[in-house]
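A.B. asks: First to last, the sequence lines map onto chains P and L.
Anchor point for the first sequence: position 3 equals 30 in our numbering, and the numbering is continuous, going up by one each time.
Anchor point for the second sequence: position 208 equals 1043 in our numbering, and the numbering is continuous, going up by one each time.
Simulated from the structure, these hints should not be mistaken for laboratory data.
Bear in mind the structure is a predicted one, so any value in this text is a computation, not a measurement.
Honestly, I wouldn't trust all of these hints.
Unchecked claim - Over 10 angstroms on every C-beta distance to chain L, these chain P residues come out as not near it, computed from the model:
id	residue
1	Ser59
2	Asp141
3	Leu275
4	Phe288
5	Ala373
6	Tyr379
7	Asp431
8	Tyr601
9	Ser697
10	Thr793
11	Val796
12	Gly802
Stated by the list, open to error - Listed next, with one range per pair, are the computed distances between beta-carbon atoms:
id	chain 1	residue 1	chain 2	residue 2	range
13	L	Pro934	P	Val787	16 to 24 angstroms
14	P	Ser769	L	Asn905	18 to 26 angstroms
15	L	Ser950	P	Ser769	54 to 62 angstroms
16	P	Thr493	L	Gln974	40 to 48 angstroms
17	L	Lys910	P	Val787	25 to 33 angstroms
18	P	Asn507	L	Ser950	33 to 41 angstroms
19	P	Thr506	L	Glu857	40 to 48 angstroms
20	P	Ser769	L	Ile924	54 to 62 angstroms
21	P	Gly783	L	Thr945	35 to 43 angstroms
22	P	Asn482	L	Asp914	51 to 59 angstroms
Backbone N, C-alpha and C fix where the C-beta goes; we use that ideal spot for every residue, glycine too.
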Amino acid sequence: MLFVVIGLLFSALSYSQTPEKVILSGYIKDASNGETLIGATVFILEHEAGATSNEYGFYSVSVPPGPCTVEYAYLGYNSAVSELSLEVDTKLDIELSEEAAMIEEIVITAEPEDENVRKVEMSVNKLDISTIKQMPSLLGEVEIIRSIQLLPGVTTVGEGATGFNVRGGAIDQNLVLLDEAPVFNSSHLFGFFSVFNPDAVKDVKLIKGGIPSRYGGRLASILDVRMKEGNNKNLSVNGGIGLIFSRLSIEAPIIKDKSSFIVAARRSYIDILAKPFLSEDLGDTGLSFYDLTLKTNYIFSEKDRVFLSAYLGRDNFSFGASAGFDWGNSTTTLRWNHLFSDRLFANMTLYYSNYDYQISFGEDAFDRFDWNAGIINYSAKPEFTYFLNPKNLIKFGGQVIIYDFIPGNAVGVSEGISSDISLPDKYGIESAIFVENEHEISKNFSVHYGLRLSNFNYTGKGFAYTFGDAPAGDRRPVTNFQSYDQWESIQTYTNLEPRASMKYQLTDQSSVKASYNRMAQYIQLVSNTTASTPVDVWTPATNNIKPLLADQLALGYFRNFKDNTYELSSEVYYKKVQNTVDYIDGADLLLNPALEGDLIEGENRAYGLELMLKKTKGKFTGWVSYTAARTENRIAGINNDDWYPTRFDQTHNLSLTTFYELSKRWSLSSNFTYITGTPTTFPTSRFEQQGYVVPHNANNTRNNVRIPDYHRLDIGATFKGKEIPGRKWYGEWVFSVYNIYSRRNAFSIFFRPEEGRLPVGEPVTTEAVRLSVVGNFIPSVSYNFRFN
Amino acid sequence: MKHILHILIIAFGLCLLCQSCEDPIDVTLDEADRLLVVDAWLDDIPGKDQIISLSYSQPYFDSTQVSGINEANIKITTDSGVEYIFENINDDGDYRIEPNFTWIHEEVGTTFSLSIDLGAVSYSAAAYKNRVPEIDSIQQDFRESDAFADDGIYCNFFATDLEGLGDTYWIKTYKNGAYLNRPSEINLAFDAGFSSGSEVDNLVFIQPIQELNNPVDDNFTPIPWVTGDEIRVEIHSITNEAFFYMEVLRDQLLNSSNSIFAEPQANTSGNITSNDEKEVLGYFNVASTSFMVDTIR
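Kindly produce the complete structure, drawing on both the sequences and the hints.
C.D. replies: See below:
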């Protein structure tokens, strides 16, 4: 594979040797606020050559010298056409203005109209933030993570659960990037709200397959969230007042056309609202969250621009003075874009990302328990884009990540006697180099291929444990341990990750695509509960835990109808994962130095069919998404060593998202979801032991039954303020009802003996109980405003 | 750790202003063969009958009284050759020996072999009698109300884990003679802490363990003691395997209150084997014990 890639690259390079070309390059921006546009197209009519702007809005295209007509396009924006006479390399920055029609129509993609058919990439979903804002949502809050769950291949184990599952992968198999820095916990208030402030988000892209080689480190998906740069033309204030939280963002130029900033903040007041519902004992309880997003940029010259972004989010929960619990992420990203030449664009990213939590309870300094844990990482990531010629776009670069895993610092004090049960930190260094090329082989056939070489070094300072054997499913005993110095290598893993995708254009309106990717993942979230908890801890690959490896193959057929009014995407995929981890019964996952002895290794396979039909134009727009899928594990010691569906396996997942423009000022929206119930384990029998009535599954099966199917309808309406030229204030009211027919969808079914203290010597009744996280319809209203 | 999960669950409940709900429903369960259940947790408390109960497992929703198995022969033999015959006196599946001087003076370090003959099948298990620390005191405190509990008298017991890693205990509390039998009141200790990993050796039992001898209500809130109540705390030494057995058993019973953070259903795995290779449920453990009784003032 390596040779194939190198061979192809060389053929691409030799092709570029054709003389006498000039380069047209520059940035494509939004005329109203100066935000760069990602994925805008440049097309040179005479030569049928084109390019797409990259993540920083930069484009470069080489053409034979002479007069030419260049068209710049971005969906939802007026195209710009330039008549140029290109004799030398030329820089041309272009500003596109939004189409006037935008006010009436909702556009649900931010892409040129037939991009889904024409681009090589597949298994990619983009959601425009303006689309997300139109969807009905829980408590009226614009929600990125919950919105992507309406796309094919994306599921969640249940309402309120943190994170999301992509094509049968666990939640820790998604690389969630906020301006290139990974976010380790993407949720506030468990899974109800995501950590992203929609007012600060510019672009959201989810890559589920055919993952380009510049991305790595997780198996299932990349959720690439890019923040706005901030309006560099004039001051703009956005905000919203909702039932659960309020948000405010301010963006403005610092030096006009050279530097701008955005600051966005949110704060919830759920604790204040919850007060009347709480019993007296819990009166002092506080529950809130906030987040703060900041980004600024400075254009030093034509060739150099620097971006600094930072995020801080925290959930706080307190029980009067005696107990507190808080968790959250913080990230900082510094990026430097440098143009080495008109063809070679470089970006250097440095980031810091941290997730941690703290728990403390106790009466006073003599009786208390304090505990914190987390994960910190630092990374440097140089990345180069080489616009070789209109047929080849090469990207190459590398990344180094230094991890500090903090599995738990815990100190308990009883009667003034302190006992420290902390675990030492663990360290690791992940590094990778990659190269990829988007190669247009012929007018109809394009290939995007690449390679990633990744390495993980699990290092000291710390102890490396050796474990003995135990029957499958039992705890393995520690037989030996060895001490290592700081940065001394304990175990290394190296993986070659080939990636490729290809497109064959059948007609102007249809194409077939195929992709293959191998992904390696060196860190995992240790979690054994249905929904992941904020106290779950990340652990590196070690001498006992092998890295996860996934191979995924996907095939797709893409077709647009009626002048691109309808887009149909259909894909099938098959994914095989090695070294999947599960846990022994009774596993001890927290504050356990011998944790690795409680993990058992196996394999996972996932396959499915994903269909999506989108209507993108007209007063009535929306999409239908349908997924038929299966994700199964086979792990020695579980389910009689046979395959079993994972807890988030959903056979059918249908969602219907619609938008309707009723009038200039009123628009309506709805979501409907129907999902097969997720699998769970029911006991078969019960027995008594020391007076306790204990459930038992005599068949030793795992996830042998399914909870009832899930379905829900949400509706929303937006009443827009009048857009009066010259008026600075614009406001809109958003009304929504979540779960309008009040269905009590099961999150899980559990089994329990009758409530109260068990009677001694009398029979005990046992029952099955359905847990519904949302037991009712939830209406809401919020007000959003903008001030320019 | 359970404490933390409990905090999480309350926090989760708050998120939706208590919108979540629980409804009993009818579900169909897979069928399964009945399995023999042996309930054999023995100790050396003076004046107490030692009982081994035999029964069969029943379908999960079968709430009829468990009927005992009466036709078995049960005996325990120590590694020094002493034999104890357990007799089914009342035909209720309970096989017992009456308070017995030799039994309670079997030394720490003795291995006990259990053998059960039932029809053509014989069952066996072994238990090792571990050491136990004395209880130093039971402290009674009046506490003001806080987010976790009402004001009133609460007790803490004090004992120090024995030196050396790997002692495991089951601490039982009785209020006015009645065993505090809620699953959330099951109090297990690995050395002075919760789990093998903690390595809190030869220390006073950590505070959450001291606290667990207060009764709790349906919402896990401790109930204060009242003047005149009798509190009795017993520490039973159990084997490491028995500790893990009880941990799984307790976690399974508490799993129903874990809301969205429930763990997968897990089976307890006992230490009794049969010569027909069939699974046997239940556990055999012989404990050393220490105890202290106090009256609430």
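A.B. asks: Run every hint past the structure and note whether it holds.
C.D. replies: Tested hints:
no. : hint                                    : result
1   : Ser59                                   : holds (37 angstroms)
2   : Asp141                                  : holds (42 angstroms)
3   : Leu275                                  : holds (23 angstroms)
4   : Phe288                                  : holds (32 angstroms)
5   : Ala373                                  : holds (44 angstroms)
6   : Tyr379                                  : holds (27 angstroms)
7   : Asp431                                  : holds (20 angstroms)
8   : Tyr601                                  : holds (26 angstroms)
9   : Ser697                                  : holds (21 angstroms)
10  : Thr793                                  : violated (6 angstroms)
11  : Val796                                  : violated (5 angstroms)
12  : Gly802                                  : violated (4 angstroms)
13  : Pro934/L x Val787/P: 16 to 24 angstroms : holds (21 angstroms)
14  : Ser769/P x Asn905/L: 18 to 26 angstroms : violated (53 angstroms)
15  : Ser950/L x Ser769/P: 54 to 62 angstroms : holds (59 angstroms)
16  : Thr493/P x Gln974/L: 40 to 48 angstroms : holds (43 angstroms)
17  : Lys910/L x Val787/P: 25 to 33 angstroms : holds (28 angstroms)
18  : Asn507/P x Ser950/L: 33 to 41 angstroms : holds (37 angstroms)
19  : Thr506/P x Glu857/L: 40 to 48 angstroms : holds (45 angstroms)
20  : Ser769/P x Ile924/L: 54 to 62 angstroms : holds (58 angstroms)
21  : Gly783/P x Thr945/L: 35 to 43 angstroms : holds (40 angstroms)
22  : Asn482/P x Asp914/L: 51 to 59 angstroms : holds (55 angstroms)
The structure is inconsistent with the numbered hints 10, 11, 12 and 14, although it conforms to all the rest.
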